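**Student:** Below are the chains, spelled out letter by letter.
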Amino acid sequence: MNTAAERVAHLRLLGRLDDAEEQARSALAAEPTHPDVLCELSAVLLAKKRFDEALAAADAATGAAPEHERPHRLRGLALSAMGRHPEAVEAGYLAVSIEPEHPTVATAYAEILQRAGRLGDALNVARLVVTMAPHTADSHFLIADITSDMGDMVTARAAYTEALRLDPQHALAQHDLAVLDLRARRPGRALQGLMQAGALAPGQSTLLPNVAAVLWRLSWRLRICIWIATIVIMTASGRSAGQHTTVAQLLAIAALVVGGVLMWHSSRDLPPQTRPVLMAALRSDVPLAITYGALALCVLALVATAVTGFALFGAFIILVLVALALLAVVVGLFRRGRR
Amino acid sequence: MSDDALLSSLLSAVAAAPEDVPLRVHVAGLLAERDRLTEALQHCTHALAVEPGNPAALAMLQRLTTLLAPQPESPAATPPPDPSPTGFDWRQAEEQVADIATPDPADHLIPSPTIEDIERPKVRLSDVGGMENVKQRLEAAFLGPMRNPQLAKAFGKSLAGGLLLYGPPGCGKTFIARAVAGELGANFFNVGIADVLDIYTGASERNLAQIFEAARRAAPCVLFLDEVDALGQKRSHLTHSSSMRNTVNQLLSEMDSLGGGNDGVFVLGATNHPWDMDSALRRPGRFDRTLLVLPPDAPARAAILEYNLRERPTSSIDIGKLVAATEHYSGADLAHICETAAEQALAASMEAGQLRPLTTSDLVAALREVRPSTGPWFATARNVVTFGNTDGSYDELAAYLRKHRKL
Numbered sequence: 202m203n204t205a206a207e208r209v210a211h212l213r214l215l216g217r218l219d220d221a222e223e224q225a226r227s228a229l230a231a232e233p234t235h236p237d238v239l240c241e242l243s244a245v246l247l248a249k250k251r252f253d254e255a256l257a258a259a260d261a262a263t264g265a266a267p268e269h270e271r272p273h274r275l276r277g278l279a280l281s282a283m284g285r286h287p288e289a290v291e292a293g294y295l296a297v298s299i300e301p302e303h304p305t306v307a308t309a310y311a312e313i314l315q316r317a318g319r320l321g322d323a324l325n326v327a328r329l330v331v332t333m334a335p336h337t338a339d340s341h342f343l344i345a346d347i348t349s350d351m352g353d354m355v356t357a358r359a360a361y362t363e364a365l366r367l368d369p370q371h372a373l374a375q376h377d378l379a380v381l382d383l384r385a386r387r388p389g390r391a392l393q394g395l396m397q398a399g400a401l402a403p404g405q406s407t408l409l410p411n412v413a414a415v416l417w418r419l420s421w422r423l424r425i426c427i428w429i430a431t432i433v434i435m436t437a438s439g440r441s442a443g444q445h446t447t448v449a450q451l452l453a454i455a456a457l458v459v460g461g462v463l464m465w466h467s468s469r470d471l472p473p474q475t476r477p478v479l480m481a482a483l484r485s486d487v488p489l490a491i492t493y494g495a496l497a498l499c500v501l502a503l504v505a506t507a508v509t510g511f512a513l514f515g516a517f518i519i520l521v522l523v524a525l526a527l528l529a530v531v532v533g534l535f536r537r538g539r540r
Numbered sequence: 005m006s007d008d009a010l011l012s013s014l015l016s017a018v019a020a021a022p023e024d025v026p027l028r029v030h031v032a033g034l035l036a037e038r039d040r041l042t043e044a045l046q047h048c049t050h051a052l053a054v055e056p057g058n059p060a061a062l063a064m065l066q067r068l069t070t071l072l073a074p075q076p077e078s079p080a081a082t083p084p085p086d087p088s089p090t091g092f093d094w095r096q097a098e099e100q101v102a103d104i105a106t107p108d109p110a111d112h113l114i115p116s117p118t119i120e121d122i123e124r125p126k127v128r129l130s131d132v133g134g135m136e137n138v139k140q141r142l143e144a145a146f147l148g149p150m151r152n153p154q155l156a157k158a159f160g161k162s163l164a165g166g167l168l169l170y171g172p173p174g175c176g177k178t179f180i181a182r183a184v185a186g187e188l189g190a191n192f193f194n195v196g197i198a199d200v201l202d203i204y205t206g207a208s209e210r211n212l213a214q215i216f217e218a219a220r221r222a223a224p225c226v227l228f229l230d231e232v233d234a235l236g237q238k239r240s241h242l243t244h245s246s247s248m249r250n251t252v253n254q255l256l257s258e259m260d261s262l263g264g265g266n267d268g269v270f271v272l273g274a275t276n277h278p279w280d281m282d283s284a285l286r287r288p289g290r291f292d293r294t295l296l297v298l299p300p301d302a303p304a305r306a307a308i309l310e311y312n313l314r315e316r317p318t319s320s321i322d323i324g325k326l327v328a329a330t331e332h333y334s335g336a337d338l339a340h341i342c343e344t345a346a347e348q349a350l351a352a353s354m355e356a357g358q359l360r361p362l363t364t365s366d367l368v369a370a371l372r373e374v375r376p377s378t379g380p381w382f383a384t385a386r387n388v389v390t391f392g393n394t395d396g397s398y399d400e401l402a403a404y405l406r407k408h409r410k411l
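Residue numbers (my numbering), protein chains in the order written: chain A, 202 to 540; chain B, 5 to 411.
Hints were generated in silico from the structure; no laboratory data involved.
Fair warning: this is a prediction, and the values are worked out from it, not measured in the lab.
Treat the hints with caution; some may be incorrect.
[Claimed, not checked] Heads up, simulated EDC-like pairs for lysine to aspartate or glutamate below, C-alpha to C-alpha not over 20 Å straight-line:
no.: 1; chain 1: A; residue 1: Lys249; chain 2: B; residue 2: Asp280
no.: 2; chain 1: B; residue 1: Lys126; chain 2: B; residue 2: Glu55
no.: 3; chain 1: B; residue 1: Lys238; chain 2: A; residue 2: Asp339
no.: 4; chain 1: B; residue 1: Lys410; chain 2: A; residue 2: Asp486
no.: 5; chain 1: B; residue 1: Lys238; chain 2: A; residue 2: Asp486
no.: 6; chain 1: B; residue 1: Lys325; chain 2: B; residue 2: Glu343
Chain B with its partners taken away, still in its complex shape (with noise of 0.2 Å):
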């Protein structure tokens, strides 16, 4: 087969299938060999948008604009240095700022937010077990209008604005925000407090303008913004704080211009502590729909519980009995059970010179160490369901507190 007849191939093999990252990634080095560039920048361009850091498309998007940047001219052609002693000396301008200390890189390094950390998640909400309320609301509250936006349209039903996932700690908000980007087969963006916050003085918010920027750039989106209540905390909490003010101005700012010609991001936030956040956050077309992400329900405990369980080796292990203890327990917490509990099966097995798989009892042992770690959080719960929720804000934790007997 001649060079060009594969290419033809390879070229009907890419058009079949789109998304094969490595033979986008060939196809690119065969173009580029050819000095096909502009052809090559397409394919590996593509091939970045499917998968994002994949490493050769990124060692081969480097070769392409290499090639394509324009060559300097040769060193033939450069004038060279004026000998001349009524130039500029450099030696004694080297001289004179001797003495002035070179900056640590390290204190002057902006993080800005970067296209790597965007990906594109393949998990579903099928993958979340258990907590049926939870996907139904999701479904009815958000990815339903977005998959039916002329539906939602008719309904009235305004596509802009963001979804707040807001719950205890360790609950699985980050997962399910996962799944609703692969429901929607969007690009997932995680962004952390890290990620935005800076000490000096307007650069988180310049970070939080390259985020949503990037996520323009890569929709359709899910822009994931964690620990939203820190980036978004009351102004009036921030008297002292201008630039943290600012900071909750610009979050504002963007959500807002969400609302406008900025199809295909969505906005999810997550917070432990939806009452820290500024109000005008929760205004519409910003954080205007709440979701409560509650401990796991009991299908979702069997779920994590098998899940830790997996790769340990076990014996008859009851995961009702389980299941029936744990209730208020955090997937997190399920998680430290799990690891107790094979921590004591490794030192018994260890003991005997034998391996003993892990049982039920070493699970229940386990369980009389590790305490739900959500307490703390519902008895600050009951307070602002009991105090601040005058516009009903919070009726869904109310009717969950009272129907745990926690108010």
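Only chain A is shown next, with the shape it has when bound in the complex (with noise of 0.2 Å):
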């Protein structure tokens, strides 16, 4: 590599795309054809998400250079990011023929393949890539991140234990576990790993909506305990629901004392930095925030049932519930309709 396309490499590496790419584009003036300088220039644009451009640059490369593996690398990952997936592969495999043994080409080769929807051939050549580079936190990282998309949750999770082992800093392996954790409808540990995400790596535009995405399958849980302990609360009123009745009042009771216990069960563990990022969550997202409102006030009610006796309150909880879930159902369809 000359001294051009390290100095531009150098940028890249430091986040200083701008800089890296003026740099590219003042040395390709001089000596427009260079192909390592050219692939740092493809390179740089990947990173700043510029497909089309990024392609050009690595399509000049190819031509300067079709005997380097780079270039193709280039290509391949450029229009795997344009959606070209059959001329994406095709590349690929090009660039991992020329260098077999190099776990840099075969890890875009393998994600290549992923983005291109062929999972079995992906994972394959990302076992290729453990069996190079076994002890890089990446490596296991390319496994869960294809095993995940399989639906293989075991195997994900070793693979990004196993990334955490070996590099205890890797913030994206934090946060993909954590996103595998709430999917395994695990919302505490999700939430736990999150915050672990977000102190390594607090950059990440992913955090806040997955923990609002934490708190959205929490509601859910909630309102089906507030549903089955209002249903069992005005079922065993009966008659009397509109006057006081202490078979009412106990029941009011052990729902909030089981509920508590619960809620402390899940939250025991998390970090006390937990609280404001809940809170920066519910102002995010404005139905959950309407959403956690309403479900204080049918915990308001489930309390007025167990001061009172009265499970008529039970009638005002089945209302805000049907609301909500009414809620939930437009706003998951605009969300949808939106994406």
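Hints in hand, dock the two standalone chains.
**Tutor:** Below you can see the structure in the form of structure tokens.
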């Protein structure tokens, strides 16, 4: 690699993408077909998500040095990001044919295959990557990422754990393991993982939306618990729902105690910084904030039942829960449509 | 007036106005003519200390060093080359190495910082429009203790360590650093990442050491490390680059030595991403004081807009209206607004065939085109405050975000 290309690479690794692009372009003004500089420019543009331009630079690099693997690899990655998967796979395959023993090249090929939906092939390549670089956290992270997409949660969890064992500061592995926990319906652990990922790399943009997703999941659990408790209280009170009954009072107290214990159990391992994070997530998602506000009202209604023994408060709870279900459906449809 | 009387009179004038660089250089020239080279050199050095880049002083310095250098022996005294055929055969040696390519000097040029990069800024904090909060914090945390070392010592406040300015891009961190140097009456050494980072192993560390050494020589000096996050990235992120890790270590080591016998060097760092910096850099004795430099407040925006419009034809500009509409805009954004509005007014003038001055509506129209560039920074900052403010480092930022309903 020549001096200019190394300088660009240096700046790219430091995250100075604008400076890196400027350096690359001024180097190319003097030597427009230098394959190393073209490759570096392509890598910078890929990092800046300007895929069309990255592809153009990679194409030029391929023309200048077709015998090198890197131009083909960058072409493959750019094409893959643009959704041109058959061409991307072809370019990725060409790169690994030229340099079959290099973990970076194989990693890129596995990613291209993964994005093309060929998860089985991607996993095979990822396994090869692990054999080439078994002590690198990124190799295991690749396996975890692919198996997570395949729905193989057991392998994915093991691979994420291994990646974190090799590099405890691997924020992406920490984050994705938390997402895995969320999908496995373990909201407490998911929240804990997201908090740890946030402490490692607070700049990740997906953190807060994922915390909100955890809260949505928890809100459904709360709704189900409150719904069951309300139905039980109203059924046990029977026709006396409009009057004071000891059964309603006792059941409401039991529901509140059980709910409180469950809440404590789920949140006991969370770090002290969790509360502001939860508040921030609520502020970032208005329907979620409304949902939690309404659930707080339901809990208050349960408290009122526990104090007064009037099961009729249950009617209010049921109304609120039905309204919340409608809200969740509307929000879900709207967000799905927007995606 | 005789020559010596003239010189005496000029020397008196120099004593009365020691900062007068042209006078110093002139006196140095006269002294050199009289073969008083050592005295001439003293005047020249003083002139360069006041104005490091002064071309006349530099030329004089070159002349004096040539005169002071030991004269080579006369050619007559040099023994003639040995004509004996048994001596070393240069022609043959040249032929042997003829096929070796001459290295490209540009590829091997390792930049090293020089004293020419050091200036003495004239700007003061009073030249910074608005931003009273920043000025007060700067005075309390940094300038006050620097100006009153005895008082600071009495209260157990250490003068060692640096100050880290952080905030969204384009909000005047460099200008404030320059003003700090002006306030302290110190030299200002602005160091960017290009001055330090080098692809050759060990070169970045050496550059950094040279920069700190130059700053120590130029004391009192404000050493301003722009984009310091690039020089002091988290070492855990640099597992693949031992060279960059070593640069961070070198920076830590240089910062530590500032706490020792390096009085008069004040290190200021600026960064848009303090969260990417190695935590070791924030420990006591290093960048242990931080200052959040936010987008300009209303008085600062008014000052920036007025400054950017001062040399442009304008007609009854409603600065108050513009100030109200430009909250969260950085100084650079405001300059861009003025530039865009000026382009529009110029286009209208060319179409009309006569000068049409800039109006408030031109600026309001430009406002619709230029969005505040600080938005993405605040999006990241919100995440950082939410997830990464366990030690309270970003309390000031959190308070600002809360106040502006961004958190």
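**Student:** Now, for every hint given, state plainly whether the structure supports it.
**Tutor:** Each hint, compared with the structure:
1. Of the supplied pair hints, the one linking Lys249 of chain A and Asp280 of chain B holds, its CA atoms being roughly 19 Å apart against a limit of 20 Å.
2. Distance restraint check for Lys126 of chain B and Glu55 of chain B: the Cα-Cα separation of roughly 12 Å lies within the 20 Å cut-off, and the hinted pair is therefore satisfied.
3. Between Lys238 of chain B and Asp339 of chain A, the direct Cα distance comes to roughly 18 Å. Compliance with the 20 Å bound is thereby established for this hinted pair.
4. Taken as a hint, the Lys410 of chain B and Asp486 of chain A pair is honoured in the structure, with Cα atoms around 13 Å apart against an allowance of 20 Å.
5. Taking the CA atoms of Lys238 of chain B and Asp486 of chain A, the gap is about 32 Å. The hint is violated against a cut of 20 Å.
6. Taken as a hint, the Lys325 of chain B and Glu343 of chain B pair is honoured in the structure, with Cα atoms around 18 Å apart against an allowance of 20 Å.
Of the numbered hints given earlier, the model fails hint 5 alone.
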